[in-house]
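Asks: Those protein sequences? They're chains P and F, same order as listed. The opening position of the first sequence corresponds to residue 1 in this note's numbering, with each subsequent residue numbered one higher. The opening position of the second sequence corresponds to residue 1 in this note's numbering, with each subsequent residue numbered one higher.
You may find that some hints are simply not true.
Any copy, or any two copies together, can satisfy a pair, since identical chains are not distinguished.
Listed below are the simulated SDA-like cross-link pairs for lysine to any residue, each with C-alpha atoms no more than 25 Å apart in a straight line [unchecked claim]:
no., residue 1, residue 2
1, K63, F187
2, K73, G61
3, K16, L139
4, K73, F187
Note that these hints are calculated values from the structure, not bench results.
2 protein chains.
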Amino acid sequence: MKAIADIRKQKDKAAKGEKTRQEILEAAVHIASAEGLEGLTIGRLADELHLSKSGLFGHFGSKEELQLAVIGKAREIFVREVVDPAFQGERGIVRLLAMLEEWLAYVGRSVFRGGCFFMASAIEFDSRPGQVRDLIADLSRSWLETIENEARHAQILGQLDTRTDTGQLAFELHALVQEANWSYNLFQNRQAFDQARTGILDRLRQATTPGLLRLLGKKSAVKKKPAKRKEPK
Amino acid sequence: MKAIADIRKQKDKAAKGEKTRQEILEAAVHIASAEGLEGLTIGRLADELHLSKSGLFGHFGSKEELQLAVIGKAREIFVREVVDPAFQGERGIVRLLAMLEEWLAYVGRSVFRGGCFFMASAIEFDSRPGQVRDLIADLSRSWLETIENEARHAQILGQLDTRTDTGQLAFELHALVQEANWSYNLFQNRQAFDQARTGILDRLRQATTPGLLRLLGKKSAVKKKPAKRKEPK
Numbered sequence: 001m002k003a004i005a006d007i008r009k010q011k012d013k014a015a016k017g018e019k020t021r022q023e024i025l026e027a028a029v030h031i032a033s034a035e036g037l038e039g040l041t042i043g044r045l046a047d048e049l050h051l052s053k054s055g056l057f058g059h060f061g062s063k064e065e066l067q068l069a070v071i072g073k074a075r076e077i078f079v080r081e082v083v084d085p086a087f088q089g090e091r092g093i094v095r096l097l098a099m100l101e102e103w104l105a106y107v108g109r110s111v112f113r114g115g116c117f118f119m120a121s122a123i124e125f126d127s128r129p130g131q132v133r134d135l136i137a138d139l140s141r142s143w144l145e146t147i148e149n150e151a152r153h154a155q156i157l158g159q160l161d162t163r164t165d166t167g168q169l170a171f172e173l174h175a176l177v178q179e180a181n182w183s184y185n186l187f188q189n190r191q192a193f194d195q196a197r198t199g200i201l202d203r204l205r206q207a208t209t210p211g212l213l214r215l216l217g218k219k220s221a222v223k224k225k226p227a228k229r230k231e232p233k
Numbered sequence: 001m002k003a004i005a006d007i008r009k010q011k012d013k014a015a016k017g018e019k020t021r022q023e024i025l026e027a028a029v030h031i032a033s034a035e036g037l038e039g040l041t042i043g044r045l046a047d048e049l050h051l052s053k054s055g056l057f058g059h060f061g062s063k064e065e066l067q068l069a070v071i072g073k074a075r076e077i078f079v080r081e082v083v084d085p086a087f088q089g090e091r092g093i094v095r096l097l098a099m100l101e102e103w104l105a106y107v108g109r110s111v112f113r114g115g116c117f118f119m120a121s122a123i124e125f126d127s128r129p130g131q132v133r134d135l136i137a138d139l140s141r142s143w144l145e146t147i148e149n150e151a152r153h154a155q156i157l158g159q160l161d162t163r164t165d166t167g168q169l170a171f172e173l174h175a176l177v178q179e180a181n182w183s184y185n186l187f188q189n190r191q192a193f194d195q196a197r198t199g200i201l202d203r204l205r206q207a208t209t210p211g212l213l214r215l216l217g218k219k220s221a222v223k224k225k226p227a228k229r230k231e232p233k
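Next comes chain P alone, as it looks inside the complex (with noise of 0.2 Å):
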């Protein structure tokens, strides 16, 4: 009996850890994409959270590791809010489509606290060897494989022109998105995201097959001024 209790009490304090990690990797992301991932020191993260340094120390046993799970942390939060939702969509351009509208979503309601942590490490490690860049450079060139695999679908099923530059395309629409996160986060620009969707519906125009041109609308966007905000969007 006594051998159960304890391993039950193991089973307990484990799971406790596990959650406390959690804990501190949800507040911790929040800081880093702020401050960014450099900043973001142990001793930074036991102020904010009034925990010790060395109780840190026990869950990340480096700065290294602390930003590797953080980073782990961010692709789970951006899965959740992002390719989640997104995938209900049925495969092809309406999936494409919902990638591309809950990632602007995403930024427009700031799930971090800096703008897409995404982008902010990527432009903060770029020049910074190691580990650290390796997987921030991994799951965004995954992220932006996902876009052109959806477009290569779409392709398939007859949604999108085959003479299509698929790569360009992702290039394009990628883009659009991250400039949208790049303008509202540094002039608090929320017309970005009209901008960037106005742009999204253009490039797929000039993609789609006639029969699909109904679903998008025909008129190309960038020709067209908005009416004076008469028009909803």
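Model the placement of chain F on the given structure of chain P, informed by the hints.
Replies: This is chain F only, laid out in the frame that chain P set:
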């Protein structure tokens, strides 16, 4: 005579001081582009330049003053490397294209060790209110507006369709260069420059008046797959 000699000595001293200040800023701007403006402490700079901290304090009274001076230096470099050469082109679409081309070329030759200084510092400081953030935002907005103004000038010259929303166009052109900067610095992906150019030409083709289409070539670039590396780019 002694008075004149004293004035000359003072002038020499001031000139020497200014030269040293410029050399310090030149080094600082590269450190900041790679490691962040916040990582640029007077101590870090003293180490890199083998100067005393007190000597550096003589030039820059505080970290914030140093950061503001570094941004001023970065602006000077951006003007010399991008704005000045682009402004040699004639007004309108030629200058608009030159601005984007020179900006891409500056990213491609890594004028700043860590990629475009302004994009890096915008992402770093967008969540840190204060003078530094305001200056970065002002300069970033000013460049975006310069792009838009040139597009508007191209409309006045009859080169761009007057129905084109120049704010939208500037947003999209700016997005493409920023994406190339992101992709090149994170993935060492030089193809990103071609992708940005393809997008830029495509946006301009969409907006040009029929008479100008010959200047840019007629086909939509997004619709065209690159012919498996046969064509020289």
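Asks: The structure should be examined with respect to each hint, and the outcome stated for every one.
Replies: The hints, checked one at a time:
1. K63 with F187: between (32 Å within a copy, 24 Å between copies)
2. K73 with G61: Classified as within; 17 Å inside a copy, 40 Å across copies.
3. K16 with L139: neither (29 Å within a copy, 49 Å between copies)
4. K73 with F187: between (27 Å within a copy, 22 Å between copies)
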